[in-house]
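Fit the two chains together into the complex; they arrive one by one in their own frames, and the hints show the way.
First to last, the sequence lines map onto chains V and R. Here the first sequence is numbered in the working numbering, starting from 1 and rising by one per residue. Here the second sequence is numbered in the working numbering, starting from 1 and rising by one per residue.
Incorrect hints may appear among the rest.
Just a few of them, taken from the derived set where beta-carbon distance is under 8 Å, the chain R residues facing chain V [as the list claims (entries may be wrong)]:
id	residue
1	D142
2	S290
3	N535
4	K558
The set of hints was computed from the structure by calculation and includes no laboratory data. Note that beta-carbon positions come from the ideal geometry of N, C-alpha and C, so glycine has one too.
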Amino acid sequence: MNLTLRIWRQQGPDTDGTMTTYEVADISPDMSFLEMLDTLNEELILRGEEPVAFDHDCREGICGACGMVINGQAHGPERTTTCQLHMRHFSDGDTIDIEPWRAAAFPVVKDLVVDRSAFDRIIGSGGYVTAPTGSAPEAHATPVPKAAADTAFEHAECIGCGACVAACPNGSAMLFTSAKIVHLNSLPQGGPERESRVLDMVATMDDEGFGGCTVTGECATACPKGIPLSSISTMNREYLRALRKGA
Amino acid sequence: MSDVISVSSYLDYTTGDALVDTKVPGGPIAERWDRRRFEAKLVNPANRRKHTVIVVGTGLAGGAAGATLAEQGYRVVQFCYQDSPRRAHSIAAQGGINAAKNYRNDGDSVRRLFYDTVKGGDFRARESNVHRLAQVSVEIIDQCVAQGVPFAREYGGLLDTRSFGGVQVSRTFYARGQTGQQLLLGAYQALSRQIAAGNVEMHPRTEMLDLIVVDGRARGIVARDLITGRVDTYLADAVVLATGGYGNVFHLSTNAKNSNATAIWRAHRRGAFFANPCFTQIHPTCVPRSGDHQSKLTLMSESLRNDGRIWVPRQAGDTRSPADIPEDERDYYLERIYPAFGNLVPRDIASRAAKNVCDEGRGVGPGGQGVYLDFADAIARMGRDAVAAKYGNLFEMYERITAEDPYRVPMRIYPAIHYTMGGLWVDYDLQTTVPGLFAIGEANFSDHGANRLGASALMQGLADGYFILPATLADYLARTPADEVPADHPAVSEAVFAVTDRLYQLLSNNGDRTPESFHRELGELLWDHCGMARNETGLRKALDRIPVLRAEFWERIKVPGSGTDLNQSLEKANRVADYLELAELMCLDALHRAESCGGHFREESQTPDGEAARRDDTFCYAAAWEFTAPGQAPVLHKEDLVFEHVHPTQRSYA
Numbered sequence: 001m002n003l004t005l006r007i008w009r010q011q012g013p014d015t016d017g018t019m020t021t022y023e024v025a026d027i028s029p030d031m032s033f034l035e036m037l038d039t040l041n042e043e044l045i046l047r048g049e050e051p052v053a054f055d056h057d058c059r060e061g062i063c064g065a066c067g068m069v070i071n072g073q074a075h076g077p078e079r080t081t082t083c084q085l086h087m088r089h090f091s092d093g094d095t096i097d098i099e100p101w102r103a104a105a106f107p108v109v110k111d112l113v114v115d116r117s118a119f120d121r122i123i124g125s126g127g128y129v130t131a132p133t134g135s136a137p138e139a140h141a142t143p144v145p146k147a148a149a150d151t152a153f154e155h156a157e158c159i160g161c162g163a164c165v166a167a168c169p170n171g172s173a174m175l176f177t178s179a180k181i182v183h184l185n186s187l188p189q190g191g192p193e194r195e196s197r198v199l200d201m202v203a204t205m206d207d208e209g210f211g212g213c214t215v216t217g218e219c220a221t222a223c224p225k226g227i228p229l230s231s232i233s234t235m236n237r238e239y240l241r242a243l244r245k246g247a
Numbered sequence: 001m002s003d004v005i006s007v008s009s010y011l012d013y014t015t016g017d018a019l020v021d022t023k024v025p026g027g028p029i030a031e032r033w034d035r036r037r038f039e040a041k042l043v044n045p046a047n048r049r050k051h052t053v054i055v056v057g058t059g060l061a062g063g064a065a066g067a068t069l070a071e072q073g074y075r076v077v078q079f080c081y082q083d084s085p086r087r088a089h090s091i092a093a094q095g096g097i098n099a100a101k102n103y104r105n106d107g108d109s110v111r112r113l114f115y116d117t118v119k120g121g122d123f124r125a126r127e128s129n130v131h132r133l134a135q136v137s138v139e140i141i142d143q144c145v146a147q148g149v150p151f152a153r154e155y156g157g158l159l160d161t162r163s164f165g166g167v168q169v170s171r172t173f174y175a176r177g178q179t180g181q182q183l184l185l186g187a188y189q190a191l192s193r194q195i196a197a198g199n200v201e202m203h204p205r206t207e208m209l210d211l212i213v214v215d216g217r218a219r220g221i222v223a224r225d226l227i228t229g230r231v232d233t234y235l236a237d238a239v240v241l242a243t244g245g246y247g248n249v250f251h252l253s254t255n256a257k258n259s260n261a262t263a264i265w266r267a268h269r270r271g272a273f274f275a276n277p278c279f280t281q282i283h284p285t286c287v288p289r290s291g292d293h294q295s296k297l298t299l300m301s302e303s304l305r306n307d308g309r310i311w312v313p314r315q316a317g318d319t320r321s322p323a324d325i326p327e328d329e330r331d332y333y334l335e336r337i338y339p340a341f342g343n344l345v346p347r348d349i350a351s352r353a354a355k356n357v358c359d360e361g362r363g364v365g366p367g368g369q370g371v372y373l374d375f376a377d378a379i380a381r382m383g384r385d386a387v388a389a390k391y392g393n394l395f396e397m398y399e400r401i402t403a404e405d406p407y408r409v410p411m412r413i414y415p416a417i418h419y420t421m422g423g424l425w426v427d428y429d430l431q432t433t434v435p436g437l438f439a440i441g442e443a444n445f446s447d448h449g450a451n452r453l454g455a456s457a458l459m460q461g462l463a464d465g466y467f468i469l470p471a472t473l474a475d476y477l478a479r480t481p482a483d484e485v486p487a488d489h490p491a492v493s494e495a496v497f498a499v500t501d502r503l504y505q506l507l508s509n510n511g512d513r514t515p516e517s518f519h520r521e522l523g524e525l526l527w528d529h530c531g532m533a534r535n536e537t538g539l540r541k542a543l544d545r546i547p548v549l550r551a552e553f554w555e556r557i558k559v560p561g562s563g564t565d566l567n568q569s570l571e572k573a574n575r576v577a578d579y580l581e582l583a584e585l586m587c588l589d590a591l592h593r594a595e596s597c598g599g600h601f602r603e604e605s606q607t608p609d610g611e612a613a614r615r616d617d618t619f620c621y622a623a624a625w626e627f628t629a630p631g632q633a634p635v636l637h638k639e640d641l642v643f644e645h646v647h648p649t650q651r652s653y654a
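Okay, chain R solo, but in the shape it has when bound (with noise of 0.2 Å):
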């Protein structure tokens, strides 16, 4: 477009040196994982209390991190935003989590969930790190169990399973709609139990704002006590960021509102890779926005589509209730569109077929910004106490929502951002580009490739956490030469004054904007042409206006109060500030890839029925960015991606 001009000086990004050294052993890969255990170096069990680790975040990657590294007898120091470690957002994942177990005798196996998982990612995640995830995935059924984690059972006493998000084989356990929250509290009561035995050393609201580095190592993290406004720093041997997700730069998402990206994006400027952060999953069944007061989305499972039909009036601009349509005047979009899936197509396509309908002026409800979920015919033919026994809590959660009864009125539902299947680059053993700095769950960038199935986030969080940080940290410590980082050493005063600085500036600036009005503004823009659909003129367009903003932000930002006691508008004025830089970069990594792949689709790459088409001679390998200077164009490093095992396809639900 002509009336564009490109002031993003990100657009001029350069390539650097390939990343080669991947850490991943070789040799079968089946027998990967345990070549790379037994080729560790381990810590003396006596030595491992002389190593202090931190650990950011306590959800299921971090709570399970934490614990472990205290059972093994190192000592450490943990830290959470929230006012106890128990409420990380892990505790809302409802469906379930994935194992390998083949309990139902169905075919199942490591290398099924493997070829599952890497086929689902979209032919974009790194082969070895899939693999060992599966094998591990059966360690963690008998872990989460031995502590008491009350997962449904069947009347012999046995443990019981589902098939979820579209796979052939049963392999999900579960605990209700509320296998998060379970999961998450055995993690979170291994922990209590190393607390109160005074071997971790537990932070509750306080925030980490920035990444010591000392002599190219990670010695340490500067954080704010939430509650005093003290800035402190903290020192060890080694640093763990499990601090999830970025979803919330898109503003409404279903992440919990104080969920952020600050870690993950301190540690990129201080040098960590931040790998495909255009991957970003939007859920297909939330409940949608009712105005401009909202404040977040709210997910329903996806098992809803398995009995509703998802459908939009023929006519744009049809404001008549939905009763009042006649069935030749609805538009069954999915099933028309893919017969042979119907309403049960993956979350991407369903989520864009949904935006189609709607950006053709056929949406309901409130801005138009919505689609019928229609259990009417389940209804007549199961009747209504099947459809509420199978249903009932998810209907009684989106009645207490919209006051609206969905036995009798169909639902209404719209996409919405969910898990970011990007974040820091790891190699192997989960260590960043910066030594000493493990990223773990939501918080790095593998496993998932391009998108994430379902039931295979909680997976993966408890796998990095109980089994495979532990294991790799050891051998960095065991490794490192162990000195002690004085405390007046230039690197942590400079950390310690770029964040008492940047919090004195947000606080002294006195402008007439509110943090939430710019993070809402962010949010809206990067939805419009960062979200579930991508092009070159939107993302350019994006790109022109982040810096704009960004530059507005620091002239106009308005935080009430001091930074000495609770202020919780400076927590969040200081957390879009990132999320101005971080978008930035995901919009760059968006415009670059130039194929749509998994949650990633670009307009300009799809196959003639509508389907995203990937680029495998192109774009096969992941996008690892590194930061340069601030509103500098950072430089990209590709890891190749090489399919030894699973053959890429071109995957089809037409």
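Next up, chain V with everything else stripped away, as it sits in the complex (with noise of 0.2 Å):
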């Protein structure tokens, strides 16, 4: 199929961007999204002109490095990641947009690539269990309920690839912080913690320039780990939780 591409590009974090458009020509319908990319990026290397930059490394949908709005949406058409995402969902002749995350949070570096640092600093705020290697006790010391386990293991999902941040209107990282919390606030080992964890790890985001909830629900669908929206009334309870406390 034959498709034209308009794709934002911008050199560095202080210059302006533009989108520009392309024409790539000949695509399988078994392409991956990213594999049309690469197709097209040969081309451009070959006119000797720089490629499209955009991050992307295992290609299998688990590490979270790519990311893109394609058409509007976070990833594009189909719940998955974008590397996960085929050509076969578009047709011959589209026009396609291909911009960054849009978000204050997430300064663009270059094209479609763009500055998550932030959701590093959000986990290490709080988003862990204090267990220095070799304190731990034996594994089978602290029975955890296979229904606790289950909604940890759920909520531990997160690949951290930030599309419930682009796609939220108020570019709000509840959906990302809440996973992780319900996740480590769900175990025993998470136990000890479980108030400090909450206040500062919600600190941390506010901090970054994230938005706030406004519940429209935008993450969750465009989530492709499945996270559920109701992890983000589950954080606020244990936020609540934490506050009475005083913790």
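Set out below in structure tokens:
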């Protein structure tokens, strides 16, 4: 199929960007979206132009590196990561708009690459259990009810891609932050730091410039891993509980 | 073959001194790790912050090591090329992690895990290291549970396990099909805590491009900030490489697109011996390539072989759709050749058998590079729901990639490069032949011999990072005089010049071929001649071609853009340049090892029924190669392997 691509090109963080139009021909429906961009980039290199910069790595939907807004939707029309989106979901002659994640807390680095390091700082402020190497008790010393373990796992599946922030009209990171809080606060191992975790992570989230939550739900709709919207209300309850305890 | 003219100088390699000092402590094997730890010198807690340790890579090994060293009080400076340490490729491991907990009371023990790993490695690993790995395995599970890793659990609240990779005990702990992700996030969170506390200076999007060696000791690295293009030096008391394997030399593999061999190859060029580069592992159940645009391959858990039946058409060139091929015109070749094990033969045997039937023209799908994995019988026997409960997520993944519904149409699979057992040679302390340079995880050659068992990569990465390296590194730091390297030391400027000069050459060449085109061509060459089955003629052909291709690379490479901002073509070109050197060493190693063992199958060395024939009389050693000069033949150093506890046997699955 032949396609028209309108891609956001921006040389660096401090320069203005623009939508630039490219034509690509003979795109196979079996290609992934990123392989389609690879094809364009090979042509650009041979023409002596700079290829379109985009983040990607595992290309199997688990590392969370890739992500672009495709025709206005984070990761495009299917509920998956950009690397697992295939061209069979597009038609010959289509025009496709491709933009970076748009959020105040995710400044553009170049073209489709953004800076998501704010996520790392949110995790660093409390998204862990303090358990230095060697200090662990025998693994079976604390049984964990299967339901709690399953809830923890379901929220631990977050890949940190940032689609939730990009999809949110407020640029909020509530789904990302709540996923880690629900993961760890569901487990007995996370108990001792239960209050400080939610207070500190929410404070960091706010400091990093993410917007507030108005329960639009776009985040959970865009999430390629299906982190449930209910995790946000769980986090809110954890937050209130921690405030009342005065931790 | 008469038309082959040898141009590779690599064939003139020489054999140097044997590697004798492996630092393995004496005494009974079960007491050696204790003994090593007791004999190790310790660093006074108050002095630890005076020591700077560089850790390159943030996967299971690097993430665990960085967090642990920082917890102990050392000053850690850590690097990863990804935008966040959480994205290292350990995250993609699916199956699980082995540990000799014996929670099932099914006869497992440290000794059995040790035995299985030595045997699984086809008797090409160092016994003492493997035994220590099995010992440490039990502590890893404790550590990860304490961190909040959500392992699968049973209704009583205890940890669930499954059996994996054909072993007879149930010792694999897992978190659905995302065990690697959950273990990595555990290490990443511990590391994040240390970053926030100021104990780890983290440099994401920064790639190591050279090693700095001063007076024979590793003292730092040269690294490039991928956003600004700045090339900087970082100096330290020791350097730890946790940069993963080199599977991407094949272009198409299950590795992440940006995983690369530059750190270990640059270290090799600075004096670290590279051991067993030809030991690469091929995974039999990957989604086949769909065309020339293919950029990487996706693995699907080999648990699929428990219920799927593998077949190809009996006749070559049969292009009918699978539903139109009657039962008696199908060849269930694994069940036919290996009636006892059938579809569950080990990875390498299943892979080679698939290659053989495809070479006979009986492959299916685009380009004839695939075989069917058929669940029709399983669905008839267990019901669709039971199959969905067991394999639903894998079927979904397959359908997303291929747009074919495996409940109705047989899956197509083909083998792909998955893991590299070879890597930098390390002694018992995980130290390379360059003092002060350590290699952990897949980056080193230790523990797996010629073949790695399923669910053992995660175990080794975490064992090295959490428990082994922190102990042995302390000993090195305590025994080594603390002195500072001046930033203007000639060795430092020389390394920086070498890096910047090479980047300049790549940027200024203005040729007519892309980095990707060279990578693809090299990968195809290696896959054909140094892939699933190797022979002397093919390896000699590859050894002739690689230097020519390398010369062509430096003549015709085209890299647009500048070196002063994010330039992904430049990153790629720089990595491909190193693959073009590493590939030659792999082929030489494969040629010199005229035996079959584990993942290395030499067609000249097989039993009458087509099985791999090991030659213990000649090749019972690890081959550690020493770099001499660019384009010049390396020197081979052998580490003889002695098996005191597990007696070498020839495996048979017929």
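Results of checking the hints against the structure:
no.: 1; hint: D142; verdict: holds, 4 Å
no.: 2; hint: S290; verdict: holds, 4 Å
no.: 3; hint: N535; verdict: violated, 32 Å
no.: 4; hint: K558; verdict: holds, 6 Å
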